[in-house]
Amino acid sequence: MRATLLQTVLRLGVFMALVGCTTQETAVFTDDDAAEDGDRSEDGDASGDGDNAGDEDVTEGDGTLDGDVTEDDDVITDGDQPQPECETDSDCPADKYCVTTPGAQWRDPPDVWQPYCEAHGCETEAEPACDGLRPNCGEGNVAVVRDGCWVCVNLETCEATRDTHCDDGTEPLCDMPTPVCQPHEILAYQQSCYACVNPETCQPWGQAGCVRDRDCPSDQYCDPCAASSCPDCDDCVAGCVAHGCPTEPEAACDEARPDCGPGAVAVVQDACWVCVDRETCEPVDRDRRCDDGTQPMCLMDVPECLPYEILAYQKHCYECVNPETCRPWGEPDCHSDEGCTPYAWCNPCGTSSCPACDDCVAACTPHGCATEPEATCRMSRPGCQFGEVSVVRDGCWLCVNAETCEPADPGHDSRCDDGTTPLCDRIPPVCRDYEILAYQDHCYQCVNPGTCAPWGEPGCLSDTSCRPDEWCNECGTASCPDCLDCVAACVAHGCPTEPEPLCNMIRPDCGGGATSVVRDGCWVCVGLDACAPFEHDPRCDDGTEPTCETLLPVVCDDFEILAYQDNCYVCVNPATCKPWGQPGCYDDADCPAEAACNSCGTSSCPACDNCLSACTPHGCRTEPIATCEIERLDCGPGGTSVIQGGCWSCVYLDTCQPMGSGRDMHCDDGTQPLCMMPTPQCTEDEILAVQQYCYACVNPLTCRPWGEPGCYSDQQCEWWEVCAPCGTSSCPACEDCVPACRPLED
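If you want my numbering, it's the 1-based position in the sequence shown plus 1.
Among the hints, erroneous ones may be present.
Ranges of calculated distance between the beta carbons of each label pair, as one might list FRET restraints [as the list claims (entries may be wrong)]:
id, residue 1, residue 2, range
1, Glu280, Tyr587, 43 to 53 Å
2, Leu174, Pro297, 57 to 67 Å
3, Gln183, Pro250, 29 to 39 Å
4, Arg520, Glu339, 17 to 27 Å
5, Cys321, Pro218, 26 to 36 Å
6, Gly522, Cys612, 12 to 22 Å
7, Asp255, Pro218, 13 to 23 Å
8, Glu709, Thr656, 33 to 43 Å
9, Thr405, Gly522, 36 to 46 Å
10, Glu709, Thr405, 41 to 51 Å
11, Pro250, Pro178, 35 to 45 Å
12, Asp410, Glu157, 45 to 55 Å
13, Gly331, Ser193, 42 to 52 Å
Hints are computed from structural coordinates only; laboratory data are not their basis.
Note that the Cβ used here is the ideal one computed from N, Cα and C, for glycine as well.
Using the sequences plus the hints, can you model the full thing?
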């Protein structure tokens, strides 16, 4: 029967060709051309209720045999089967959407569903004016064009269903269900997937929406405190905020959007960027982003800067600087993260030595992680490991992953860390409730969180150990949580101060009832009660009182300060505490522990560009007074000596890391090698240690030469250790017993 039916169809096709049916168009049966039951179309296609009703296609089981059959074709294929009209809404015009689910209306060929575009009936504009593909709004919704851009609306009510202002224009293609966002979040289509974001920053809560102004549209600027890291948090997260100044939408000039500095913003005028005041929207007379707040007082003409430089007011004079680093081209912007704001890190390749150079010069580069503007705890900014940056969270420094911005070590409170990582062969101790675990001197330490030192030890010896907004209160804490005695600690004084001094001088000790703060870039002594400056600035006094007779009162120039020295008055350079033209030091031994002798720390006159040595702060952590009986070490170029463990130790000026920090130092006793012997070559089973001012190759478990015991009783071990009688052996391959301190759990 099937063969007979097929032969009949073939013969009919041959007969039609012979009688002149030469048309090349193939009749396609659609819903619009459908004939009434029992009627015959003009082309001879029959439609009826019989078993053979239909067009030239013959169905056989589930297969459709196409009417376009050649003489050589014994098998009928479905290559000519009609293609679907659409696959997604993006294939349809704005007034239609793609129906992809089979319903009451069937498409050609019979009994085979083909998706098609159907009118949705919601008001829409014909074409979008914004960039981006038509979004897939999900079941029961459709995207229409309103105000020039795509908006998701409900198919029945035609009302907008979702806030789309954080979408990036991509359409969700990821294999995941649409998430249910929290009340304080909105659903956004970003990077071809879904994201629940902060509506202020269009980023997940806690992540910055921008790093600098150039990350925002021309009618907005990057506000460092536009949002917070959570709905109820009072910290700061950067985000784009409208500035309200007139601007053109895009710049046509070949120039990146500049950072115009505090109180100003860049807008587009005449197709290029112009810095304007954010309050008045008037152009600023000069690009001030690199000014340090001082006014020029030097005796020199205003320089003509090159096109790739900007003129800055720095250190009471003029300077042509790189606008990215605010330093002259080729000079590094920073040496470590401590030289940057909490919003940035010291990128060793942040800029170059000239605009067309491809070398590397260090510069502060924004990291994009949420941070508070400044730390309120007593600790220096730590040097985090590779791939991490330090930010301020809950008032203190914390190392976070540079990509995820999540804490690198969530279980560790880092506020009292000194920036080193533990290298000692000990397990981390379990601290008491009133202590915190700190990483100090390459090991672990349980400390008083108020002093960052063990309970009972002072947190400072003078104001130089504290931040500018603190002073060293001799009764700032106690020797235990419930004790009533006094232990020195850094305490906030409450007097107005600038965060960092810009002058080259050490913080002065102003005596009882007073402290020093930073005003106009330099230290000034003020009373603790009224915060008012003293009539006489004592920072360069030598401790004597003037007994000399002078004919006229001594009046110093603006670039000098009056000092009491050698029982008389003298006008001195505030950087050297000596008259202008005299060096302030000859080597580090002439400076306090907080400073190093900088060969170009000052000049011979305020307007001179020559070099004169002066003590300048090195920024490395140090104890104020050495208790060992050796003089300050000369550590050579690129280094200086600081006090660690009561004695002098050489560190690098740029990193503050110990010189030779590639060596395992957990067995050092804090002394420096002063013996006349070459550095020995230790075996693989030994480590090189500096002990008793000389070198020693020691067992890393005992910190003594192999065969010597590491202890005789538990009193010689830490509190979490015990003197194990068989803690080690007399040689690496020996099986005998030698006492050594071992953790309790061992």
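Each hint tested on the structure:
Evaluation of the 43 to 53 Å hint for glutamate 280 and tyrosine 587 yields a pass: the beta carbon distance comes to about 51 Å. One distance hint, 57 to 67 Å for the beta-carbon pair leucine 174 and proline 297, holds here, with the actual separation near 58 Å. Take glutamine 183 and proline 250: their Cβ atoms lie about 33 Å apart, and the range 29 to 39 Å holds. For the pair arginine 520 and glutamate 339, the supplied restraint of 17 to 27 Å holds, since their beta-carbon distance comes to about 22 Å.
Between cysteine 321 and proline 218 the Cβ separation comes to about 31 Å, which falls inside the hinted range of 26 to 36 Å. Checked against the given bound of 12 to 22 Å, the beta carbons of glycine 522 and cysteine 612, roughly 21 Å apart, stay inside it. Roughly 19 Å separates the CB atoms of aspartate 255 and proline 218, a value that falls within the hinted 13 to 23 Å. Evaluation of the 33 to 43 Å hint for glutamate 709 and threonine 656 yields a pass: the beta carbon distance comes to about 35 Å.
Here the CB-CB span from threonine 405 to glycine 522 is close to 38 Å, well matched to the stated 36 to 46 Å. For glutamate 709 and threonine 405, the Cβ-Cβ distance of about 47 Å falls inside the hinted range of 41 to 51 Å, so the restraint holds. At about 37 Å, the beta-carbon gap between proline 250 and proline 178 stays in the expected band of 35 to 45 Å. The hint said 45 to 55 Å for the Cβ distance between aspartate 410 and glutamate 157, and at roughly 53 Å that hint holds.
The hinted window of 42 to 52 Å between glycine 331 and serine 193 holds, with their beta carbons roughly 43 Å apart.
Violated hints: none; the structure is consistent with every hint.
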